[in-house]
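Fit chain B to the known structure of chain A by using the hints.
Heads up: the sequence lines are chains A and B, in that order. Mapping the first sequence onto full-length UniProt numbering, position 169 (from 1) lands on 169, and the numbers just tick up by one. Mapping the second sequence onto full-length UniProt numbering, position 30 (from 1) lands on 30, and the numbers just tick up by one.
Hints may contain errors.
[Unchecked claim] Capping the alpha-carbon separation at 27 Å, the derived lysine-lysine pairs in DSS-like fashion look like this:
| no. | chain 1 | residue 1 | chain 2 | residue 2 |
| --- | --- | --- | --- | --- |
| 1 | B | Lys-150 | B | Lys-196 |
| 2 | B | Lys-150 | B | Lys-113 |
| 3 | B | Lys-102 | B | Lys-115 |
| 4 | B | Lys-115 | A | Lys-263 |
| 5 | B | Lys-73 | B | Lys-236 |
| 6 | A | Lys-2 | A | Lys-81 |
| 7 | B | Lys-102 | B | Lys-73 |
| 8 | B | Lys-102 | B | Lys-113 |
| 9 | B | Lys-113 | A | Lys-263 |
| 10 | B | Lys-113 | A | Lys-262 |
| 11 | B | Lys-113 | B | Lys-62 |
| 12 | A | Lys-262 | B | Lys-115 |
Think of the hints as simulated: they come from the structure by calculation, not from any bench.
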Amino acid sequence: MKRIVYREWRIPPQRYWSLIGYLAALIGIGALSFGYMEHEGHWVTGMSNSVVWGMPHVFAVFLIVSASGALNIASIGTVFKKPIYKPLGRLSGLLAVALLVGGLLILVTDLGRPERLIVAMTHYNFSSIFAWNIYLYTGFMAIVIAYLWSMADRQGAPFNYPIGVFALIWRLALTTGTGSIFGFLVARQAYDAAILGPMFVALSLAYGLAVFMLVLFFCFEEEGRSIGPRVLRRLRNLLALFVAVVLYFVLIYHLTNLYMAKKDAFEHWLLLGGGFYTFVFWVGWILVGNLVPLWILYHPALSEQRNWIIAACTLVILGGLAAMYVIIIGSQAFPLAMFPGHTILESGFNDGVQGAAASYWPSIPEVLLGIGGVALSLLIILVGVRVLQFLPESLADEVVAPDEEQLAEAVAVKPA
Amino acid sequence: MHRLHAPHNQPSGDESPAEAVATTRRALIGTAAGLGAAALVAPGVVLHTLSAQAETAPITNKSRWGLLIETDKCAEGCRACIEACDHEHGLDRQVPEGSPSKWEQQKAVWIRKVKLQDNQTGRITQLPLMCQHCEHPPCVDVCPTGASFKRADGIVMVDRHLCIGCRYCMMACPYKARSFIHHNTTGQLTAVPRGKGCVESCNLCVHRRDYGQDSTACADACAATGHHAILFGDLKDPESPIRRRMREIQNRQIREDLGLNTGVRYAGI
Chain A
1 MKRIVYREWR IPPQRYWSLI GYLAALIGIG ALSFGYMEHE GHWVTGMSNS VVWGMPHVFA
61 VFLIVSASGA LNIASIGTVF KKPIYKPLGR LSGLLAVALL VGGLLILVTD LGRPERLIVA
121 MTHYNFSSIF AWNIYLYTGF MAIVIAYLWS MADRQGAPFN YPIGVFALIW RLALTTGTGS
181 IFGFLVARQA YDAAILGPMF VALSLAYGLA VFMLVLFFCF EEEGRSIGPR VLRRLRNLLA
241 LFVAVVLYFV LIYHLTNLYM AKKDAFEHWL LLGGGFYTFV FWVGWILVGN LVPLWILYHP
301 ALSEQRNWII AACTLVILGG LAAMYVIIIG SQAFPLAMFP GHTILESGFN DGVQGAAASY
361 WPSIPEVLLG IGGVALSLLI ILVGVRVLQF LPESLADEVV APDEEQLAEA VAVKPA
Chain B
1 MHRLHAPHNQ PSGDESPAEA VATTRRALIG TAAGLGAAAL VAPGVVLHTL SAQAETAPIT
61 NKSRWGLLIE TDKCAEGCRA CIEACDHEHG LDRQVPEGSP SKWEQQKAVW IRKVKLQDNQ
121 TGRITQLPLM CQHCEHPPCV DVCPTGASFK RADGIVMVDR HLCIGCRYCM MACPYKARSF
181 IHHNTTGQLT AVPRGKGCVE SCNLCVHRRD YGQDSTACAD ACAATGHHAI LFGDLKDPES
241 PIRRRMREIQ NRQIREDLGL NTGVRYAGI
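So here's chain A without its partners, still in its complex pose (with noise of 0.2 Å):
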């Protein structure tokens, strides 16, 4: 094993500029988009007063939950003390605050009034995850950071360990807390389930990891840096453990759903009936996000090829936003279940009448502004690997550490 460099990212000037420029292009769509839906309205939005919360969610829910588990890999290496992922500390560190920027600043731009920012600042009620989510944020981006000074400088080496144990009880923390956002509601039938928190660390693991592997595989391609096939093999067994996790949760979720004979109208819904929900979360969430990554991770042969990987990392996020799509706008598509053993013949504000779904088309803004928001959190990135010191120069066999496995083969036969 060798001593391991990290060197900014030098690709070509020209590549460089022009990515700033395609991501910087995407950014200002993003803040037109803002800008549009903040002077017109929410009315521009496919938003209505049944499913109050769209595509901006869906983005920066995705991005938030990535963010912390994007962080992972810094935490298996420093608290887990697996020497291998220890490389991959700086670049975790870096996405999981990145991720959360951009998902933060989706979330702000789609306020009503996001002009009140100052408000949410300094009145808090903190009976509401919501407020004790603003310092969840804000106080993990500061800790990573801390965690990066950790990892980046001499000085701070010492304090890597400790600094490490409190992120990953922060991000864990965090994660719960954007899960039981939901979790905690008790008004609607897909919610008030506190399996929504853990849930959501599971999903946080599997999407903070495939935007973290493509991340790393697209900066270490552009620049002819070689990833050996011994952390191809770590990452993709990861990957493949932290997919099924996401799959046995949704599973005792929806099975515990089946159970209660008060949640089994939105379970049939749902899983059934909820045209184009049910395709969404059968497709996209399960087969797309879960089963096709899961035969792909595990392939003998197709496992073994970057790009198969990289395609189950892509079919990984694809399925996530699925999920997110799923969890956040189906949720408030079934409607209210207010008089149970009755049926809503006539409504005045869109009560189900029937049973049947709120209705939500995304909008056009809506979907810009939550790629704005990727945008800005790539952009970060991109800009931290070129001007810091995070990439590792090599991750080829040699340079990383040893399998912890066979060093403890090679102390055990080793003679006393």
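Using the frame of chain A, we list chain B on its own:
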């Protein structure tokens, strides 16, 4: 330097007569404008001071305002309560935008009629549905800034200055009682501040409460039609008509399972 500091309404000795006249005229106009403004504003100030007396009485928890709705008296096709509410709060001044179906989805609604059928028996029930003014309101729990709040007298409402438009209260309300203002609003009433980007809902005609009036627009309108399906009153006063009626007939809360102790109760569901 001295000229620069000379008061504008005092002609200085070295000014020409024309300048002096102009300066005097300016001073005169200034004084007249000041007096005029005072004459215009002062009655307003006096009126405001006098009329504000009713508003400054502290809100206490000696009362808890609520509604009793007798669904068997709620007539099919009658919209009197909705129209009265819309008029009372200026919701009828909303200007539709977008397609009719989009407007239906996005317009503010504080009170609506719901027609239900019992799946087992086929019995039809009509009822008006609005903010239920919970004793333990989920909207107040989840509001990050405290914009959703409950007054001491049990009225749940939104402080439009603190509302950031996050819509979390709408996610949390089990009654879908809240509306988000998707559009620019015009022609709002002084008593009912409304604005784009904020959330709003039934406030039990809080402006009437604060001026000592003892009813709501919906209850009055319902009584005027002769149906008397909506009864407003103090749930804490054992002798109030609402409490007497609640003793006489069975009534319950919508989504009783949540244990929110709503201020709006229904008979016949």
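Results for each hint:
Simply put, B/Lys-150 and B/Lys-196 have alpha-carbon atoms about 22 Å apart, close enough for the 27 Å limit, and the pair holds. Among the hinted pairs, B/Lys-150 with B/Lys-113 is consistent with the structure: their alpha-carbon atoms are about 25 Å apart, no more than 27 Å. Restraint check for B/Lys-102 and B/Lys-115: satisfied, since their Cα atoms lie roughly 22 Å apart, inside the 27 Å limit. At roughly 23 Å between alpha-carbon atoms, B/Lys-115 and A/Lys-263 fall within 27 Å of each other, so this suggested pair holds.
Distance restraint check for B/Lys-73 and B/Lys-236: the Cα-Cα separation of roughly 24 Å lies within the 27 Å cut-off, and the hinted pair is therefore satisfied. In summary, the hint linking A/Lys-2 to A/Lys-81 is supported, as the alpha carbons are separated by about 18 Å, within the 27 Å threshold. A distance of roughly 32 Å separates the Cα atoms of B/Lys-102 and B/Lys-73; the hinted pair therefore is violated under the 27 Å criterion. Distance restraint check for B/Lys-102 and B/Lys-113: the Cα-Cα separation of roughly 19 Å lies within the 27 Å cut-off, and the hinted pair is therefore satisfied.
With a C-alpha separation of about 25 Å, the suggested pair B/Lys-113 and A/Lys-263 falls inside the 27 Å cut-off, and the hint holds. Using a Cα cut-off of 27 Å, the hinted pair B/Lys-113 and A/Lys-262 holds, with the two alpha carbons roughly 25 Å apart. Between the alpha carbons of B/Lys-113 and B/Lys-62 the distance comes to roughly 31 Å, so the proposed pair goes past 27 Å and is violated. A C-alpha spacing of about 21 Å is found between A/Lys-262 and B/Lys-115, which places the hinted pair at or below 27 Å, so the restraint holds.
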